[in-house]
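Join these two chains into a complex; the hints should help.
Spelled out, the chains give:
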Amino acid sequence: MAGVKLTNVRKSFGPLEVIKDVSLEVPKGEFGVFVGPSGCGKSTLLRMIAGLEDTTGGRIEIGGRDVTTVEPAKRGVAMVFQSYALYPHLSVAENMAFSLRLSRAPKHEREDKVREAARILQLTDHLDKKPSALSGGQRQRVAIGRAIVREPEVFLFDEPLSNLDAELRVQMRLELTRLHRQIGATMIYVTHDQVEAMTLADDIYVLKGGHVMQSGRPLTLYDDPDNRFVAGFIGSPAMNFVTGNVTQTGNGIARVACEDGTLDVALQGALPGVGTDLTLGVRPEHLAPVEEGGLPVTVEVAEELGGSSFIHTRAASGADIVFERRGHRDRLDGQSLRIGTSAENVLAFLPNGKRLR
Amino acid sequence: MTTQRRIENIALTAITLIAGLIWIFPLYWAFVTSIRSETRVVADGAGLLPDEFNLSSYFDALFNTSLIHWYINSIGTSLIITVIVLITGMMCAYALSQMRFFGRKVLYGVVLASFMVPVQSLVVPQFVLMNDLGLINKWGGIILPQLVVPVVIIIYKQFFDAVPKELKEAVVLDGGSDYTLLFRVYLPLNWGITTALGIITFIMAWNSFLWPFLVITTEDMMTIPVGITQVNDAFGVAYARIMSVALLAAAPVVIAYLIFQKRVTEAVMISSGVKG
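Line by line, the protein sequences are chains A and B. Each number in this note's numbering comes from the position in the first sequence (counting from 1) with 11 added on. Each number in this note's numbering comes from the position in the second sequence (counting from 1) with 581 added on.
Chain B on its own, in the form it takes in the complex (with noise of 0.2 Å):
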């Protein structure tokens, strides 16, 4: 190795560190927090380096919070949405790539339309049509918007496209039909696909933030995204308290990360146009 090549190697590594400094920073000041007390939080001369291994918060935050509640609100709405989606987005893509009928490429279209269109701008008619309907503070309120997932759709679509045209004739002569086509080969065949749409999707739900919390104010069906704005509301302004309930929260979404790693990244490939 040259000396040039060596100098750009350890410049790269630096640089490379310092960004993973940046952005680890705030997670670690978060857990720095969280294992305070919330005077020690407030007091002048409070350093970088954790001088204090407090777990009041923690034990505060799941006992004398609805934290545990709000768990298996997240855990039961996006098992919920991510299934849903999964289901329908499935079926959307196979209709899509493999059926010949009229207005399809119109209706594909739409679906692409709809994925460039941001959340926020749908935030105000989504919220009128839901108290029309009498969805405020329901279920069906928090779970029905967040059902239109595009992205899932186009991914799906763009796999099945590529599954050879012979498989689909093979099963036509064997007797199936497009249910046997969609759920026996190319559902199989795209496993891989559909668990790492299926994380992604989870993740997405349970990160959710801006609908549940338009859409719910009673604390029993609060997600936990949305509980952690309670948090504040019940303490004042207690950081290490909303610190450790923001890392409770993130919690599970980090363990099956740290589980599904591969298909994570994956999963995000895909969804970005890299990896195809």
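Isolated chain A (complex conformation) (with noise of 0.2 Å):
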């Protein structure tokens, strides 16, 4: 198994760069997963590291070895594609062995790997199926298990889930985990998911507009995000933002006007004069009713969910705020009250979008 590392990694078409300067590392063994609305570049990135794409300036290592032009075949990759890319005139076992035909691998040595891969994925009593008599999760397993016989140093997935009913993207998500711990192989995921992306990965890479925003693990990138942009991107549902501003400082907290209420944000660097815009972002879970102090809000839809309820409400500059609240059967639709939290759960960005700390 071998690591991935990018060094200052550009990708033009044309004139237009889609992957700026992108520098990074997926160590040996690790679950990567680069996460991204349409367009930021995440599937360029990956097909740049399986060679389907060249690369227009920087340095891509697999292994240690440098890579940035060596064909894909001899990259030691393997990729399952979104639309799973099967031979759809080959059996099941003859797609997993396709790559070991083409090698000239002795046959029982092929017979033996695909065994093994369907095995693995459970695919024993379907070797003798055409793709298309297998449904689409069982074709997704059988483009994962192309991929395992070939014992590629880094596993490569684009979207391979996108195309699944939700019921089984849960269950292949679990599948993949499994996988990954059975197998341990490096892998890196492209997703613009990011349920998919805080399950499954070890680290993450948030990207956006060919940059990596920030990378980190998931629970990181949820509690301490470097800028308002991630802040927003993980999360579900999304973390709360209103504007404001300072109108005091002290004790290592700012005092914040915002929506016709305040807010205290807990800072531990020096704190922002008074009059600075700020954006403050509150995850739902930490908001809560509170009788003074807060944010004047109106109740306009009670998501429930069972143990818990996603409550939307509506401040007064007709911002969208959500909160969570657990325990209670009550409805509040159409209710006029306060929320807030403590300060230590409010999170502040500057006006360019990067956090204040």
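There's no promise every hint is true.
Said to hold, decoys possible - Pair by pair, the computed Cβ-Cβ distance ranges are:
#1 B:Leu728 to A:Leu113: 55 to 65 Å
#2 A:Asp77 to B:Leu714: 45 to 55 Å
#3 B:Asp759 to A:Gln182: 36 to 46 Å
#4 B:Gly721 to A:Gly68: 20 to 30 Å
#5 A:Ala116 to B:Gln701: 49 to 59 Å
#6 A:Thr210 to B:Tyr760: 49 to 59 Å
#7 A:Gly195 to B:Tyr760: 27 to 37 Å
#8 B:Ile656 to A:Thr80: 26 to 36 Å
Derived by calculation from the structure, the hints in this document are not laboratory data. Because the structure is a prediction, the values reported are computed rather than measured. C-beta atoms are modelled at their ideal positions from N, C-alpha and C, and glycine is treated no differently.
Below, the structure is given as structure tokens:
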């Protein structure tokens, strides 16, 4: 197994630069997830690692070996595509053995590897079937099996669960986690779904506009985002944002007037001056109704999930604010109330989007 | 069903029936003529209905002409033409569809343009060329000019364009070359179209008359359509024999059509753009 290291990697399509000086490292044996909105360059980056796209600048290393100009088949990677890309005219076993046939591996070796991959992926009963006779989940498992038999140094997944229904996605997520633990290979996974990123990743790399906005452990990104984009992108429902300006500071706390109310934010560094414009971010689970202080809001819709509810409210400026409520069964529809949280749960962002710590 | 609808149906059926009869009449007439004796064919009062069952013209055609030889020539040239046209057409279409190189679009434009040039207009320059190459009365002279079938390239390209690009990328990652992709993925994925194009190319080559007629002068090398003209020469105006040779010449194509009816229909629809 090998890690993947990108150094100052760039990619342009004509005058359009889609990957802008990206440097990152997915350590050996880790499950790295590239996540970001459509057009952020995550799939392009993955395809560059695979060798399916040329690199305009920079260096790509796999297992310490510079593979920037090496052809795809010799990079030691295997890729699982969103559309599965199974050969429709071949059986499941033939699909999985295709690369081994091309490399003229002996028949017994091919059969052993296919049987082992089928066992891991619970496809043993389907080896003689054509892909068209399989369900979406089974097809995706065949695609993964095709990657496994190649015994690559790095597995690359390009939105592999996007074509599956919600239930199957959850199931396949678990299977992928299990598979990663079982074979221990380095895996890089591309998705636009932050829930997939949070549940699968050892490390998440959040991309936007061809840049890596932040990388780190899923909970680090959730609890301690570097910027407003990451704070808003990671988490479901998304973090609430309100804008205001500082009215008072002291004891590591800045008081911010916003939405006809106030929120306190705890800061470790130098406190901003009075009058500074700030955007405050609070996770839905950290907000709760309060007697005084906080923000005045009107409840619009409650999403009852059973164990908890997400209460969608509207603030004075018209901003949507969502908070999570646990252990209550009474409905709050149409009520006016105040919601707040402690200063430690509030994150502050400067107008340029950077986090103020 | 309303009365008006029933009348419409009857009228349409009648029109279809009449059209069918008009279409089949020459074939029927050829058959009726071929089973008559030569004297009966030209006798007064020979009616539309078969009134004689005389197979002598068939025996004459089979045993007193070079028909068997012409059969072998036609089968040989048609098979060679079909195989070469399919292989070169497929490879050319693959290059135009999947490879990126300078002049690709211009080249495809040339292929499209050549599709629009009538064969007849090329006959003279091709004849001069073949003559200069010393290929008159040679197998190469019969086969070479018939190897350019742009429609095969156009149809293959259309189908190759529709194969998802992920399949190509999967092959690249699996360590395959362009040949792997073409012969192990694209070709098996398009067996249906290959069969259809094969049949239609074979029929075209089998029925080809003008070029073989011009380029062959020795009876030994004639294909069946050209050979029919020799029957005329050998027997004078021997209608029954001409018709029997014509029917025997058409027989393999008719049998092939009956076996591969569905595929031929598909091929015609694809090449005429009805089905893509």
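Query raised in the report: Of the numbered hints stated previously, which ones are contradicted by the structure, given in increasing order?
Result: 1, 4, 6 and 8
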